[in-house]
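Sequences listed follow chains A, B and C, in order. Residues 161 to 383 in my numbering are what the first sequence spells out, letter by letter. Residues 325 to 554 in my numbering are what the second sequence spells out, letter by letter. Residues 652 to 855 in my numbering are what the third sequence spells out, letter by letter.
These are computed hints drawn from the structure, not numbers from a lab. Certain hints may be false.
Said to hold, decoys possible - Straight-line alpha carbon distances no greater than 27 Å define the calculated DSSO-like cross-link-like pairs of lysine-lysine that follow:
1. C:Lys-778 - A:Lys-176
2. C:Lys-718 - A:Lys-165
3. C:Lys-733 - A:Lys-319
4. A:Lys-162 - C:Lys-718
5. C:Lys-770 - A:Lys-176
6. C:Lys-770 - C:Lys-801
7. C:Lys-718 - A:Lys-176
Stated by the list, open to error - Chain B stretches covered by chain A per the calculated footprint, using a threshold of three residues with CB under 8 Å from any CB of chain A:
8. 331–343
9. 379–392
10. 479–491
Glycine residues also receive a C-beta, built at the ideal position from the N, C-alpha and C atoms.
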Amino acid sequence: MKFIKKIINFYFREYKVNLSGIFDILTNITFFFISIFIFIFSVGPEKETLSLLGVGILWTLLLLSSTLSLRKFYQDDFENGSLIVLHLNGFSFELISILKTISHFFFVQFPFMMSIPFASVLLDISLEKMYDLFLSFVIGSFILSCLGSISSSMNLLNKRNYLLGSVMVLVFSIPIIIFSVGLINIEDNFNSLINILIGLLLIIFAINPWASGACLKLAIQNN
Amino acid sequence: MRFLINAKRFDAVSDILIKPLIFISIAFLIIGLLFALYLSPEDYQQGSTVRIMYIHVPSAWIALMTFLVMTVYSIIGLAFRMPFGFIINKAVAPIGAIFTLICIVSGSLWGKPMWGTWWVWDARLTSVSILFVFYLIIIFINKSFENNLVREKISAIFILIGSVNLPIIKFSVDWWNTLHQPATISKLSKPSIDPSMITPLIIMTIAFISIAALIAILRVKTEIITRENI
Amino acid sequence: MLLAQNITLHRSGKEIFKDINISLGDGKIIILKGKNGSGKTSLLKTILNILEPSSGLIYWKGKLIYKNINDYYNNLTYIADKTTSLRQLTLYENIKIWRKIFLSNVSYDQIKNILSILKLDNYLNQKINTLSLGETKKFELLRLIIENKKFWVLDEPFTNLDFESIKIIEQTFLDHVNNNGFIIFSSHQKPDIKNVEEIILDKL
Numbered sequence: 161m162k163f164i165k166k167i168i169n170f171y172f173r174e175y176k177v178n179l180s181g182i183f184d185i186l187t188n189i190t191f192f193f194i195s196i197f198i199f200i201f202s203v204g205p206e207k208e209t210l211s212l213l214g215v216g217i218l219w220t221l222l223l224l225s226s227t228l229s230l231r232k233f234y235q236d237d238f239e240n241g242s243l244i245v246l247h248l249n250g251f252s253f254e255l256i257s258i259l260k261t262i263s264h265f266f267f268v269q270f271p272f273m274m275s276i277p278f279a280s281v282l283l284d285i286s287l288e289k290m291y292d293l294f295l296s297f298v299i300g301s302f303i304l305s306c307l308g309s310i311s312s313s314m315n316l317l318n319k320r321n322y323l324l325g326s327v328m329v330l331v332f333s334i335p336i337i338i339f340s341v342g343l344i345n346i347e348d349n350f351n352s353l354i355n356i357l358i359g360l361l362l363i364i365f366a367i368n369p370w371a372s373g374a375c376l377k378l379a380i381q382n383n
Numbered sequence: 325m326r327f328l329i330n331a332k333r334f335d336a337v338s339d340i341l342i343k344p345l346i347f348i349s350i351a352f353l354i355i356g357l358l359f360a361l362y363l364s365p366e367d368y369q370q371g372s373t374v375r376i377m378y379i380h381v382p383s384a385w386i387a388l389m390t391f392l393v394m395t396v397y398s399i400i401g402l403a404f405r406m407p408f409g410f411i412i413n414k415a416v417a418p419i420g421a422i423f424t425l426i427c428i429v430s431g432s433l434w435g436k437p438m439w440g441t442w443w444v445w446d447a448r449l450t451s452v453s454i455l456f457v458f459y460l461i462i463i464f465i466n467k468s469f470e471n472n473l474v475r476e477k478i479s480a481i482f483i484l485i486g487s488v489n490l491p492i493i494k495f496s497v498d499w500w501n502t503l504h505q506p507a508t509i510s511k512l513s514k515p516s517i518d519p520s521m522i523t524p525l526i527i528m529t530i531a532f533i534s535i536a537a538l539i540a541i542l543r544v545k546t547e548i549i550t551r552e553n554i
Numbered sequence: 652m653l654l655a656q657n658i659t660l661h662r663s664g665k666e667i668f669k670d671i672n673i674s675l676g677d678g679k680i681i682i683l684k685g686k687n688g689s690g691k692t693s694l695l696k697t698i699l700n701i702l703e704p705s706s707g708l709i710y711w712k713g714k715l716i717y718k719n720i721n722d723y724y725n726n727l728t729y730i731a732d733k734t735t736s737l738r739q740l741t742l743y744e745n746i747k748i749w750r751k752i753f754l755s756n757v758s759y760d761q762i763k764n765i766l767s768i769l770k771l772d773n774y775l776n777q778k779i780n781t782l783s784l785g786e787t788k789k790f791e792l793l794r795l796i797i798e799n800k801k802f803w804v805l806d807e808p809f810t811n812l813d814f815e816s817i818k819i820i821e822q823t824f825l826d827h828v829n830n831n832g833f834i835i836f837s838s839h840q841k842p843d844i845k846n847v848e849e850i851i852l853d854k855l
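Just need the whole structure built from these sequences, with the hints factored in.
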């Protein structure tokens with residue numbers, strides 16, 4: 161009972177932190193929409209091109225703009241010492257990374273999910289494709305959160321090269337983007353591709369706590 | 325074989341190995357280039373461009389082999405807590421990157437007359453370019469962390485994750501329909517290449533491996549000297 | 652309660668400290684002294700089981716700490732030389748978050764009382780980033796009361812504090828010790844408390 165209460169209270173804290181930083185998230189969403197505008201200006205507004213490229217553009221931009229905010233994943237809590245205090249109050253590093261990943265999924269990726277319908281209207285994506293896009297993004301963004309947790313915990317002690325974390329995430333997100341764009345564009349392969357995506361999600365969700373827990377421990381020991 | 329995991333032994337053994345390696349690499353490179361550029365026959369389809377193979381194939385093998393070595397040494401470093409593994413990792417990464425670059429550039433030069441394009445997005449080419457990106461990230465990790473302990477462990481973890489790419493590169497030509505031809509030389513079957521071409525290829529491979537080993541030994545030795553503790 | 656025997660710490664080949672013996676029990680205060688870089692924070696982190704000692708053993712209630720880690724962490728408060736309060740939130744919100752995270756049963760009246768002693772009660776609805784350095788430090792020390800644990804570990808608790816606040820903190824330490832609590836902290840200045848054991852860390 162105490163354990164569940166602690167987890168709920170952890171999310172209360174996360175909620176407060178993210179609420180005070182709501183404008184960061186909104187800026188992120190704005191970046192996403194502005195990059196859609198720029199894409200449309202650069203490839204031209206013809207409907208045929210847009211319906212051909214739309215899904216790919218949307219997924220790429222979702223990926224890029226959701227990796228923008230990865231630097232903040234653990235950085236703030238690490239720098240002000242909250243991570244140590246949480247650890248000393250019964251949250252193991254593995255538990256912290258699981259909880260943080262889920263909170264990142266809810267507070268950072270969820271707004272992107274909400275903006276998918278509007279973005280697909282702008283890029284002239286049909287309703288059925290939009291459903292698939294939404295589904296693939298729900299799974300894919302959770303994988304992205306896990307990857308982000310691993311890479312940002314790796315980069316906690318990297319004070320010089322902040323972009324390295326995003327580069328790592330982008331490299332490992334190549335399979336995600338292959339399978340999720342394939343999921344939308346190739347009609348008859350839906351079941352097998354979504355099974356592959358879910359499989360990737362489960363693998364990375366299992367690896368994530370151990371990898372990021374070890375990296376967090378390393379960072380706290382050597383700070 | 326203890327010199328493979330012990331820094332002091334490695335230092336001693338490498339002192340013995342350096343001179344023969346210099347000799348082997350110079351001799352085999354000269355003989356191999358002679359064979360490759362003048363003595364070996366032209367391909368009946370490809371003409372003289374087939375000679376790019378004698379650079380392309382050995383460098384591709386070394387690019388893969390270097391990553392495999394790094395993977396093995398990451399396991400040694402992380403699991404058995406031997407810092408020598410991390411020394412090898414740091415020393416060897418740029419060599420792998422350079423040979424991957426040579427492989428990509430020579431392949432692209434070969435592709436233009438044969439396939440008609442410099443670059444095509446098939447599975448083999450894409451996975452090798454991802455291998456190059458992995459090498460670059462490993463070098464960046466080695467350059468951007470201030471704390472040695474953290475840097476070593478994180479680059480080792482990253483190498484372990486990145487080693488997923490190796491089987492993909494190896495089997496990409498079998499799994500997908502690629503423009504790139506499947507492997508011509510394999511253990512199980514007879515090589516589908518003429519013996520007059522395989523001799524210079526083997527000589528060039530030995531030359532390339534000894535050059536790579538030479539550079540690696542020099543880099544490992546400097547790395548051992550610069551580290552205060554081993 | 653806490654017993655450290657001959658602990659030695661090496662980090663990246665260098666010896667940080669050697670053969671430190673600590674025994675802490677009810678009503679005891681230990682102060683760590685030493686020059687900058689003599690390993691005070693490292694020793695505190697070793698006691699917290701964040702760093703592993705190269706040799707030597709640490710016991711909590713007769714068991715090795717990593718075997719008894721839950722009970723150990725349930726009885727321990729650590730104040731680092733950082734502000735763990737969230738700078739973009741108000742004091743009141745921070746107190747609320749802390750009370751929830753630490754599952755504290757300290758009442759708001761009690762906390763308000765202490766805030767007025769620390770002269771922070773006027774700022775209750777202001778954000779942390781409007782406070783001065785010393786005030787943030789005082790607010791950070793409020794966590795000792797909210798967590799309400801037995802064993803306090805503090806890293807440089809007196810930095811940035813004025814004379815008056817130092818007196819208040821010393822008084823809190825004394826009260827805590829009289830309630831069978833025990834404290835270990837690192838500091839450069841000797842506080843005005845009697846019966847303090849000193850451990851001086853110096854490289855030879």
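Point to revise | Hint consistency between Lys-770 of chain C and Lys-801 of chain C [alpha-carbon to alpha-carbon, up to 27 Å] | key: Holds: Lys-770 of chain C and Lys-801 of chain C sit about 25 Å apart, inside 27 Å.
Check your understanding: Does the stretch 331–343 of chain B contain three or more residues whose Cβ lies closer than 8 Å to a Cβ of chain A?
Key -> violated (count 0)
Point to revise | Outcome, coverage of the stretch 379–392 of chain B by chain A - at least 3 residues whose beta-carbon is closer than 8 Å to one in that chain | key: Since three or more residues must qualify, the claim that chain A covers the stretch 379–392 of chain B is violated, with 0 doing so at under 8 Å.
Review point. Given the hint that Lys-770 of chain C pairs with Lys-176 of chain A, does the C-alpha gap stay at or below 27 Å?
Key: holds, 26 Å
Check your understanding: Is it true that the CA of Lys-162 of chain A sits at most 27 Å from the CA of Lys-718 of chain C?
Key -> Holds, at roughly 21 Å.
Review point. Between Lys-733 of chain C and Lys-319 of chain A, does the CA-CA distance stay at or below 27 Å?
Key: holds, 18 Å
Review point. Are Lys-778 of chain C and Lys-176 of chain A close enough, with their CA atoms no more than 27 Å apart?
Key: Distance ~13 Å between Lys-778 of chain C and Lys-176 of chain A Cα, so the pair holds.
Exercise for review: Verify the proposed pairing of Lys-718 of chain C with Lys-165 of chain A, using a straight-line Cα cut of 27 Å.
Suggested key: Holds - the C-alpha atoms of Lys-165 of chain A and Lys-718 of chain C are around 24 Å apart, at most 27 Å.
**Study point:** Pair hint outcome, Lys-718 of chain C versus Lys-176 of chain A [Cα-Cα no greater than 27 Å]
**Key:** Outside the cut-off at roughly 35 Å; violated.
Check your understanding: Count the residues of the stretch 479–491 of chain B with a beta-carbon closer than 8 Å to any beta-carbon of chain A: does the count reach three?
Key -> holds (count 3)
The structure fails hints 7, 8 and 9 (numbered hints given earlier, in ascending order).
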